[in-house]
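K.L.:
Letter by letter, the chains look like this.
Number of protein chains: 2
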Amino acid sequence: VTEAPDAVPQVRGRRPTRGEPVVDRALSLLAAFDAAHPYLTLSALSRRSGIPASSALRLAGRLLEWGALEREPDGRFSIGLRLWEVASLTPRGHGLRQVALPFMGDLEEVTRQHVLLAVREGEQALLVERLSSHGAVAALYRPGGRMPLHSTGVGLVLLAFAEAGVQERVLAQPLIHQPEQVPVSAATLRRTLAGIRRDGLATFHRGAPGPIVSVAAPVHDAQGTVVAALSVVVPAEDAEPRLLGPAVRTAARGISRGLGARRPPGTS
Amino acid sequence: VTEAPDAVPQVRGRRPTRGEPVVDRALSLLAAFDAAHPYLTLSALSRRSGIPASSALRLAGRLLEWGALEREPDGRFSIGLRLWEVASLTPRGHGLRQVALPFMGDLEEVTRQHVLLAVREGEQALLVERLSSHGAVAALYRPGGRMPLHSTGVGLVLLAFAEAGVQERVLAQPLIHQPEQVPVSAATLRRTLAGIRRDGLATFHRGAPGPIVSVAAPVHDAQGTVVAALSVVVPAEDAEPRLLGPAVRTAARGISRGLGARRPPGTS
Numbered sequence: 001v002t003e004a005p006d007a008v009p010q011v012r013g014r015r016p017t018r019g020e021p022v023v024d025r026a027l028s029l030l031a032a033f034d035a036a037h038p039y040l041t042l043s044a045l046s047r048r049s050g051i052p053a054s055s056a057l058r059l060a061g062r063l064l065e066w067g068a069l070e071r072e073p074d075g076r077f078s079i080g081l082r083l084w085e086v087a088s089l090t091p092r093g094h095g096l097r098q099v100a101l102p103f104m105g106d107l108e109e110v111t112r113q114h115v116l117l118a119v120r121e122g123e124q125a126l127l128v129e130r131l132s133s134h135g136a137v138a139a140l141y142r143p144g145g146r147m148p149l150h151s152t153g154v155g156l157v158l159l160a161f162a163e164a165g166v167q168e169r170v171l172a173q174p175l176i177h178q179p180e181q182v183p184v185s186a187a188t189l190r191r192t193l194a195g196i197r198r199d200g201l202a203t204f205h206r207g208a209p210g211p212i213v214s215v216a217a218p219v220h221d222a223q224g225t226v227v228a229a230l231s232v233v234v235p236a237e238d239a240e241p242r243l244l245g246p247a248v249r250t251a252a253r254g255i256s257r258g259l260g261a262r263r264p265p266g267t268s
Numbered sequence: 001v002t003e004a005p006d007a008v009p010q011v012r013g014r015r016p017t018r019g020e021p022v023v024d025r026a027l028s029l030l031a032a033f034d035a036a037h038p039y040l041t042l043s044a045l046s047r048r049s050g051i052p053a054s055s056a057l058r059l060a061g062r063l064l065e066w067g068a069l070e071r072e073p074d075g076r077f078s079i080g081l082r083l084w085e086v087a088s089l090t091p092r093g094h095g096l097r098q099v100a101l102p103f104m105g106d107l108e109e110v111t112r113q114h115v116l117l118a119v120r121e122g123e124q125a126l127l128v129e130r131l132s133s134h135g136a137v138a139a140l141y142r143p144g145g146r147m148p149l150h151s152t153g154v155g156l157v158l159l160a161f162a163e164a165g166v167q168e169r170v171l172a173q174p175l176i177h178q179p180e181q182v183p184v185s186a187a188t189l190r191r192t193l194a195g196i197r198r199d200g201l202a203t204f205h206r207g208a209p210g211p212i213v214s215v216a217a218p219v220h221d222a223q224g225t226v227v228a229a230l231s232v233v234v235p236a237e238d239a240e241p242r243l244l245g246p247a248v249r250t251a252a253r254g255i256s257r258g259l260g261a262r263r264p265p266g267t268s
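Chains A and B, in that order, are what the protein sequence lines are.
Each residue of the first sequence is one higher than the one before, counting from 1 in our numbering.
Each residue of the second sequence is one higher than the one before, counting from 1 in our numbering.
These are calculated hints, taken from the structure and not from any lab test.
Be careful, since some hints might not be right.
As the list claims (entries may be wrong) - Computed far set for chain B versus chain A, every beta-carbon distance over 10 Å:
| # | residue |
| --- | --- |
| 1 | Gly50 |
| 2 | Ile51 |
| 3 | Leu175 |
| 4 | Arg190 |
| 5 | Ala247 |
Said to hold, decoys possible - What the simulated footprint calls covered on chain A by chain B, stretch by stretch (three residues with Cβ under 8 Å from a Cβ of chain B suffice, anywhere in the stretch; the number is not a length):
| # | segment |
| --- | --- |
| 6 | 34-45 |
| 7 | 82-94 |
What the hints assert, rightly or not - Just some of the chain A residues that point at chain B, by a computed CB distance under 7 Å:
| # | residue |
| --- | --- |
| 8 | Val23 |
| 9 | Trp66 |
| 10 | Ile79 |
All figures in this text were calculated on a predicted structure; none of them were measured in a lab.
Heads up, the beta-carbon is just placed ideally off N, CA and C, and yes, glycines get one too.
If we strip away everything but chain A, and leave its shape as in the complex, we get:
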């Protein structure tokens, strides 16, 4: 591709013109699905999207035709494989995964538990990939799902290296460790984040559903920006965070190098 990129015209804040609300309604239909509701009847789709059933059916028809939705023999809708095919082109999901997967495989072979790869999306982490061995401890999060920044290993890394505005917005909220419901003070979290920036490593302990330790490290891109976080999650009883740290940092460096990073900044 040799053509010059366009200048960036203003696209936000325009008055919507005729026809555009239809696009928003179509997107609302897609957003009605979630991990707990991968199949929806027409009435559930209508209720969850706030779109009257007759409009929902008409719009769903266009989405079915294209393959953004699929329909079961019993009439329930689900997200279509064609949408996943197009969506898999997202550079922050798929491109990152492809670089990361062999390194994640190495870590999983060594630890025999969970290996996680996450990116920041606003004030949450989004789990891009999880490799889990047979018999690994119970996992709280699924790929494609959201995770809190302040109470996961990968989330703490992403928060520690996020721009100041994001950190301040997160620190301004009442922070509760999930799922134990323990409050965290902003001062404690600030100290934790400073430690993560200093060490290039986060160690996070979670008590429930089973006691686990997550050890997480940052992944850098060619510009030195932290674009993702990698972690291993192991049962607390077997965990030797001092031994896991170098393994996670080594794999995270391998991924960073695959993304074009030279030497990750801030680590020796």
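With chain A fixed as given, assemble chain B onto it according to the hints.
P.N.:
Quick look at chain B alone, frame taken from chain A:
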């Protein structure tokens, strides 16, 4: 969810009403991206979707707002992580992957090459997942990408167990083995498919870019339908298909059981 599924009303073949073509245009914008073009300028987006630049910019604005598209600092568009988040809910992609990944990991550890999981989408195969070891042979296909049914191991399995109408449509086309450009007769392919149905296993040899062997087996769902195919792809020089077959079939059965299948039909 306790509510009864709705009856299936007719949604195809309706006359489009006002506003719906906008949804089609928005979907055309998404379809303008492919693996060779994960980033598009506004002018490329307009040209590849056939939508005038002014409309394309207005529609892209709605998609950006929602997160279906993202924009680089230089103004180029890409598919957004939010779209991937929703699309990852597709039962045929994500649900299947989650069941399959630990078994794929086992196979990859044993073979140290590529392990592929594919589903049929019309008259092509769609690669849902690929695990690849460091140093594995050159791969032709990427996750989220299409593969020909008649010249890949997983494709042959999916074709062998597809409904008759699909087989006849594929067999009626001029069939060329990719990437060597060798023609295949329909009679030969019919015999190959019969053998795959008999053995529950496909062995496919490819000469280029490097000589490889793919050994593939079907994955069944709770209804006994073949919903996916699993394969290992190894360099032809090291391959012992007779030893790989049982490993692939064992892993495919593990995935089938995870999907609710009792005993895969047609295998002893």
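K.L.:
Which earlier hints turn out false for this structure, listed by number in ascending order?
P.N.:
none
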